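Chains as they are written, first to last, in the UniProt record's numbering: chain A, 1 to 317; chain B, 1 to 185; chain C, 1 to 436.
Some clues are possibly wrong.
[What the hints assert, rightly or not] Okay, the calculated beta carbon distance ranges per label pair:
| no. | chain 1 | residue 1 | chain 2 | residue 2 | range |
| --- | --- | --- | --- | --- | --- |
| 1 | A | K35 | B | N150 | 34 to 40 Å |
| 2 | C | R130 | A | L57 | 51 to 57 Å |
| 3 | C | R246 | A | P241 | 36 to 42 Å |
| 4 | B | D145 | A | D27 | 24 to 30 Å |
Keep in mind that the hints were calculated from the coordinates and are not lab data.
The model shown is predicted, which means the values in this text are computed figures rather than measured ones.
In this text, a Cβ means the ideal position worked out from N, Cα and C, and glycines have one as well.
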Amino acid sequence: MRHLLSTRDLDRTTAVRILDIAEDMADVAQRAVPKLPTLRGKTVANLFFEDSTRTRLSFEAAAKRLSAEVITFSAKGSSVSKGESLKDTAQTIAAMGMDAVVLRHSASGAAATLAGSGWIDAAVVNAGDGTHEHPTQGLLDAYSIRKRLHGAASRGRDLDGVRVTIVGDIVHSRVARSNVWLLTTLGAEVSLVAPATLLPGAIDSWPVTASHDLDAAIAAKPDALMMLRVQAERMTSGFFPNEREYAREWGLSAERFARLDADTMVLHPGPMNRGLEISSAAADSARSVVLDQVTNGVSIRMAVLYLVLSGNDGTDA
Amino acid sequence: MAVRLVLQQADIQRALTRISHEILESNRGSDDLVLLGIPTRGVMLAERIAGIIGSLEQRDIPVGALDVTMYRDDLDRHPTRTPRPTRIPESGIDGRTVVLVDDVLYSGRTIRAALDAIGDLGRPRAVRLAALVDRGHRELPIRADFVGKNLPSAAAERVNVRLAEIDGEDAVEIDGGTEHPGGAA
Amino acid sequence: MTHLLITAATLLDGSRADLRVRDGVIVESGSGLAADGARVIDSDGLQALPGLVDLHTHLREPGSEQSETVLTGTRAAAAGGFTVVHAMANTQPVQDTAGVVEQVASLGAQHGYATVRPVGAVTVGLAGERLSEIGAMAGSRAAVRVFSDDGKCVSDALLLRRALEYVKTFDGVVAQHAQEPRLTEGAQMNEGALSSELGLAGWPAVAEESIIARDVLLAQHVGARLHICHVSTAGSVDIVRWAKARGIDVTAEVTPHHLLLTEQLAATYDPRYKVNPPLRREEDVLALRAALADGTIDVVATDHAPHPVEAKECAWPEAAVGMVGLESALAVVQESMVETGLLDWAGVARVLSTTPARIGRVAGYDAPLAVGSPANITLVDAAARGDFDLARLHGKSVNSPFLGRSLPGRVMAVVHDGRPTVLEGALLPTEEVATA
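Based on the sequences and whatever the hints tell you, model everything.
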């Protein structure tokens, strides 16, 4: 794997392979020495044009567990906040001999542009580009769902027939996009629930079903319910009237959570707005996999860094 | 090029039986013994040896799998390898005698990686090495304690170990190899 | 003065003839004309067209000379077969006073590669608040007749109504950049399934169509001329067709890139394909071609929009919008309209010369290639085909979406007001062309 830019590029075999390698990585975390020498001598640059402490820490932990050197460039207080271009920053770190760039950027397509630009030679891992994709989040969500369903017998399995409902601001969500492509590639049936203003246009061209009624979605007893973060700026630009109405119609309140099927797991990519899209009753319940998602994120990112940084020709054995 | 059959099913069976006896002899019995096979075929050989020792000793011998992919020093020289699961027996390896089992011993780099992996997993009392075939060409100061068959070979040749569990039959062949430079690791 | 003899050129009706040019005028047409001391341009096998007229060019001078200047832009124009360009008003300072438009026009006249007709801003500073000095610009030596805030839409309905009425006073036309601003805040590409997938904010067709619908009704109401810049959607075509059927005095332009390229190119995230209005769907491209063929769309205009390399070497949402187009326009029209059988060469002359000249009130283009007309002539090797490469670009900027694409046709010679600017497929040197 040369780069990881989007889950749209992954076929089922590749996706299952990444999840399986992440299983091995998760095992490493349980050992006396939770560290592998695999990427000794490799250097990973975390290039964060947009703040995201959790994603950055997760990639840092992943790289360090594989013994790679990690250099982090964050927007705040660095030249990237002073208007330095993606190209200049990328070339600067390339000149320092980076083997991989983990890129978070507010512009959709930034990772694809960097990978295809010829400015640098390094592997590019998309850690979130605008409202396009966040492929490692999609992978860790798929991993978390598979793990919760199959436990120790997860290896080798896809998500055939698993029913996942994603709720909230789909149109602006890179997490939703990465999940839609990946989960459906893995065989899951994905449904989206949101007000019409927060569903993408031309949604009928997506491999999903879309609706507006969360109560009906809960009554349908999905295997997994993924609540997306609602951003305050969506309110001010008129995508919905106010928090109260959003929470009433599309929030996983304690009352709705009580109606949720006992086997339905609850996911949230974090950080959560408790009381808005998700209640504490749901977030802190045994059915919540929110903390598993964080743990699994490191394993997934280890698997991805391993795949883009090993091999001599960008192909797989 | 010609493919030469070196060991047949019965030869392999005899070699494993002999190795089993040698392990018991050198370990003075089966106490604290743990067998770790190196995927893929090393795991099958370890299970067979565990079976033989188990029936000789009338007890279950702990057997597991040790994947060394993440410890290799040649990841940049080949297409990306997919790691296999590592399974450590519940008994663990601390204070035990671990016998590593691989199908072909060649450069020694796989075993070097395995020793590093074991070091991250615990602290065995001793680590021994069993290989079905030793084809020479060592690049590191490593030797096997138990060898099924010494098989001097040219670097250009390829040694193929086939096992019934996945290949449908037991056999060891040497492939003339001019068409397949490199050979098995 | 220059004496030229163009021999054996194919005329618009398909016949072949020699054309004699003397003192800036086509003085004789026939076969076997004697050289008589003229500089001979052997045009055997070449298609003769009237000099091309672009209604929509960004020359960037004054203010953004790192992207283009009047000299480099008119060199690009000449290389593309153009003899007139309309220089859009979004310079710095804005072309909203007589002084600025006269300066731009006179720079063009000095350099000699093409006639530069400045476009005047409709509103002061393109701010969309109050009318600029339209009368002064119309009455200036630049004789401005086209007024546009291009780059920005005159979205205030009352202001546009006043502009339409006021411009009428001077026989001018308002060229509207039809883009409802609120519906396109942050817009990056055509809105649809692909924009949803790519996570790029959508530029919906309705943002263009709603403005065109409103504006044709306003033009009808006040009895004024209206020109629509860069029509890009099938729905816009329907509205323009409806308006023309009702007798509304509206004209419309389409860019070469909207005739050939689709939004699918955005999937590369290569900012060379970022343009405003954005590349649309295949069905829009086909509707635009049909509309150009049947006259619903009157002209092809390049919207030549040079940008420095750094403005395109970045992530898509951060990149500048626009493409250079002067050098590729004729080739793209040949590819999309002539090779497809939708237009013949007389049709090409209509959409790229006669009609844009009429809309811009440029004299001397109403009788193309006729004896007595000013000698503005473009000679094209229509049989040529090749990869469009950097060597074909002559402006300061290289943000062409056509680089690397195989295109037909090659401009071999251009005569501007009786003087050659391009011969044997190459631009003549600046000193030779300059008139000052």
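Quick rundown of the hints versus the structure:
| no. | hint | in the structure |
| --- | --- | --- |
| 1 | K35/A - N150/B: 34 to 40 Å | 37 Å, holds |
| 2 | R130/C - L57/A: 51 to 57 Å | 54 Å, holds |
| 3 | R246/C - P241/A: 36 to 42 Å | 41 Å, holds |
| 4 | D145/B - D27/A: 24 to 30 Å | 28 Å, holds |
Going down the numbered hints, you'll see the structure goes against none, and every one checks out.
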